[in-house]
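Student: Listed here are the chains, written in short residue letters.
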Amino acid sequence: MSAARERILGRLRDRLGEGSQESPHPSAAASARAGDVGVFCRRLEAAGATVERIPEDAVPQAVAQYLTQRNLAARVRVSPALAKLGWDAEPLLETAFGIADLDDAAAVVPANLGVAETGSLVHVSAGDNPTTNHFLPDHAIAVVAEDAVCADLEAAFSAASVSAMPRTVCLITGPSRTGDIEQRIELGAHGPRSLHVLVTRK
Amino acid sequence: MFDGREIVQFPEASVRALGDENLQAALRLLGEGFQARRTDAVERFSEFEDARDAAVDAKTRTLRRLHQHLENFEARCQEQGGVVHWAETPADARQIVLELLTSRGVRVLSKGKTMVAEEIGLNGFLEKHDIEVVETDLGEYIIQLAEEVPSHIIAPAIHKTMPQVVELFRQHHDQHKAEPFPRHTPADLVAEARAVLRRRFLEADAGLTGANFLVAETGSSVIVTNEGNGDLTQTLPRLHIVLATIEKVVPTLADGAAILRVLARSATGQDMSAYTTISTGPRRSTDIDGPSEYHVVLLDNGRSSLLGTPAEEVLRCIRCGACMNHCPVYGAVGGHAYGWVYPGPIGAALTPALLGVEAARHLPNASSLCGRCEEVCPMRIPLPKIFRYWRAKEHEARLNTVRARLALALWGWLAAHPRLYRLGTGAAMWILSRLAGRSRRYRNLVLANGWTRSRDFPAPAGRTFLNSWNRRS
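Here the protein sequences come in this chain order: P and H.
Residue 1 is where the first sequence starts when you use my numbering, and the numbers rise one by one after that.
Residue 1001 is where the second sequence starts when you use my numbering, and the numbers rise one by one after that.
Hints listed in this document are in silico derivations from the structure and should not be mistaken for laboratory results.
Check the hints yourself; a few may be wrong.
[Claimed, not checked] Once the Cα atoms are required to be at most 25 Å apart in a straight line, the calculated SDA-like pairs of lysine to any residue come out as:
no.	chain 1	residue 1	chain 2	residue 2
1	H	K1177	P	D101
2	H	K1177	P	R15
3	H	K1393	P	D14
4	H	K1385	P	R15
5	H	K1177	P	A105
[Stated by the list, open to error] Selected chain H positions facing chain P (in silico; Cβ < 10 Å):
no.	residue
6	L1070
7	Y1275
8	S1279
9	R1284
10	L1298
Computed from a predicted model, the values in this text were never measured in an experiment.
Virtual Cβ for every residue (Gly too), placed ideally from N, Cα, C.
Here chain H stands alone, though its shape is the one from the complex (with noise of 0.2 Å):
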């Protein structure tokens, strides 16, 4: 659980991460697993360059006037038949939710797939309240089994091996059965998740699920999944939640379809998820199913103060997950090394403007900003352009190291001293070039220790670029 503010930190967390042989055996599938996906959706898919501009221009347009779409929005869902709340913080989020479950009696609530509620600890809140929350997407009721938390946003359990969940399933299921079931494939833990959870679908009195985005012109919530766990946790239950944060309306349902077309494309590969549900209030009064109140808690956390300043474009984020399947470092570490609830480069760009700088600064240093994320982000969010946002607040409130500030002091002050700057590294290149004999290449440097520690470090060519440059013209 996410509770309170703790935030386990990097250094530490990714080097447990790369002694890991069970996070390492499922992060090598990263490569034939969503990277291969996308890029051949996107081959296959001409028009993928104009489909990402339209995509970047509705949410643009959204946030210029973020205030007027959500006020459009809380007036088409109320004519709807639905109620919306706001709350700023998790914690009125929190109550919200607990409120509107406890005054009706809900003992069992049935959840589909939602970063917003990790983001405000729902679950462990509402099981203090004596509230059974029951995940139901695969990835979540695999963690929740397990005590864990997501390490992807789309794939919440991609840390665990088969191996682990057959144990996991063992463990949790086999008490009230006589035979246990087949546990040989992939495909029979599926099976086997989903006889499990058929009747707690029914059990539930409640539901709850997150929103991929919020539709001004017509007051609807989108849920875009593929195994069906969120259709049946808001159609079956007599009343369904979502919880959403702000600057996920969208003005028009057209504006929708350009976030579509790269949504699914990006995150697993698809064309188009196996589901995309529009929910607009409550059951009508001739219908003979869905809940009967329908309830949309709005979030801010901190992301209204973002727009303005160079991070706002983290707010055109659509959760795709592309940036965190194509991160080098992501690849190394995994998820949970990050600390918080969003991992991988778009949770080092959001992270700080949730949590503060202080809290999260390792995590826009956890990044070579060799800039994979922001070639495929369907959303053109400079991700890179963000870290360095973040490290330079990082500096000037001063919380890098007092190493780290007198190297950058140095360097500042060669870097405007063109003259000096190239007489220095000149005089560098050839000495190190002559120093380094046959081998070509240094088992031990002096202020390259952190990198000769796990890695030879390579003699330089004997002079710098721009001298060969100038030789050359």
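Chain P extracted, bound-state conformation (with noise of 0.2 Å):
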């Protein structure tokens, strides 16, 4: 295989010349800008999303809520990294922690950052956060607290991966959707099909 490498790069190298390495337009130039929650609200439901704006302490309570206006069962699973909630608030909510199932209807999955300018949530996958959760249930419930929103996407990009890239940096921006079927727009094809944010604040 390596014979396949020297035969390609060299004859990239024979058409473009050896040259000095170009310094590539660093990523890690763009700061952490901060970005306007309003505006970050108004693109995730343009994507499809509900959103909730509500205090960081609020979070079990908005969570009943939202499954018993949706008609779901009082049962969800939580990513480990929001299992200090204070879940036990809501003693009729079923909560299971870790990696979610065919059989989970719903999960509440965190958002490590939101990005104002496309109306994306951005999950940084880590032992505590699975990425799992994110796509197999029907209804995912993402939790992002306001001040982690920020302007644009190379701000997201180097936030995201400040020290070492994780294996997953998703960018989810409104539930999942085809338009597979005579070019119609439908909701819930592999991914969630519903995608409740809250937005928390201090």
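Assemble the dimeric complex from its two separately framed chains, guided by the hints.
Tutor: If you want it as structure tokens, here you go:
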């Protein structure tokens, strides 16, 4: 295989010349510019998500209410990173922590950042933040702090990659959708059919 | 399957396509679908032209130092625990993937959407080696059931009508089910595919995706999707294989951001697709999900030889599909008529480079050179210019008909003798105008029967443009 590598790179060198390393425009130059939370929420809604702005300690209550409004069972999978949100305050809400499976209808997941430019949530995978939970359940309820909303894609990328890159950085912009049948947009292709975002303030 | 290098020839295939009622019904939706959505997205985003310039700049800088960015990508990817494989040809790439799968005992492979897998004929090859391939993108899944190939690069089943999908699902899903799924609306069909494919994601031992781009500074692959199937494919199985061609690398995440600003707007008319996912290496030691192995197969397949030629600008393509969505020829005949993996204007520009001018000689001619493709291309690829380049190559290689060559020779000679040209065209216009009669049109015309076979030829006004212009001043 390394022979193929040498031939491909050799052809490129022949055609492009060795030249000096061009210094790339470094992504890290973008500072973590704060984004407009109102714009962020509007863009998220435009992408098909629903948004609620609540105090940080009201997450369990908001989750319970959302499930009731949607006529869903009072049972959620919670990503371990959100285990300490005071779930005991909602005794009627059944919570399970860890990785989601096919039986989980709804999951509560953290978003590490928001992007005002695009209305995206940024998921950064970690031991307490499995990627599966963002994609497998039918209904995703995402929690993002309003001071984690940054201005644009560059700011989000530089914040997400500030230490070493994790396995997965995912920008989530609305629920799952498809237009593969007669170009008509339908929600809930393989990922969540609905995305509810809780934007929290301290 | 695009196994081997056979290519259906455009002239025959396009005539068949024009008579296919289902296809024509599906294609009629392009205007209110893809075209209208892109127009809206561009109107909502006042900086679109600047964003295009930035995206073109990112890719132009990439291609100028492609070897260095590839080496950087490889080094960063390996630092993160990934493995990079290099493949010169489709056969090499197929073999690499097969060995990765068989050496790990993989029986079921789930797949996200990748045109490069179509380019190398991967599915048929793996199935011959007893590996079950499960397409998970809804459009790809539909055509896998139908045993067809994609007719569009981002909407592979765009040629299928809803009744055709209902019939396919009835044939393939009903035998194991006492009560059939409801199939009254597109939403019903989406729910059905979701239910059927859920289990398959978990059964798969390996997941294969393409890459919208690769990032050199971080050694990452990036996919942009709407369904979420790509993410399940690259998260749930224990092995993740990325199949990408060498020109997909960009230097930095910021360059990726520049491309993202034009990609979804040009493709589906969204400001941003639902999921943009950056994958870097396998799961980390503290992670509780994700694949334990991450492999990237880098395929050349002729692309390195395109650099430095007038066709090199096709390497900027980000596969958004805007050129085909707006092409009058694609809109009339659909994607299958182009005969190979990449349809529409980008196919007509790329296929001769990948398969050779002889095999693909009709494709650069399947264009009226109207220029809509170039107008909507977010990467400002001069597609009509590239068609003319391939047409010239076809002529040089004497692959066009004797009649076409004679006509071109006569035209060339006349055009080089302006006085004779003016005299000749002036006389022709005068005669054609005088002979047209009161209908002012011809139903038959010698030397133009290719035109008059299917429509009338309008009579000229009697003077050439040059005559009129000279009289005016």
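Student: Could you run down the list of hints and mark each one as holding or not?
Tutor: A quick look at each hint next to the structure:
1. H:K1177 x P:D101: holds, 23 Å
2. H:K1177 x P:R15: violated, 59 Å
3. H:K1393 x P:D14: holds, 23 Å
4. H:K1385 x P:R15: holds, 22 Å
5. H:K1177 x P:A105: holds, 23 Å
6. L1070: Result: holds, 7 Å to nearest chain P Cβ.
7. Y1275: holds, 6 Å
8. S1279: holds, 6 Å
9. R1284: holds, 6 Å
10. L1298: Constraint on L1298 (chain H) satisfied, holds at 8 Å.
The structure fails hint 2 only (numbered hints given earlier).
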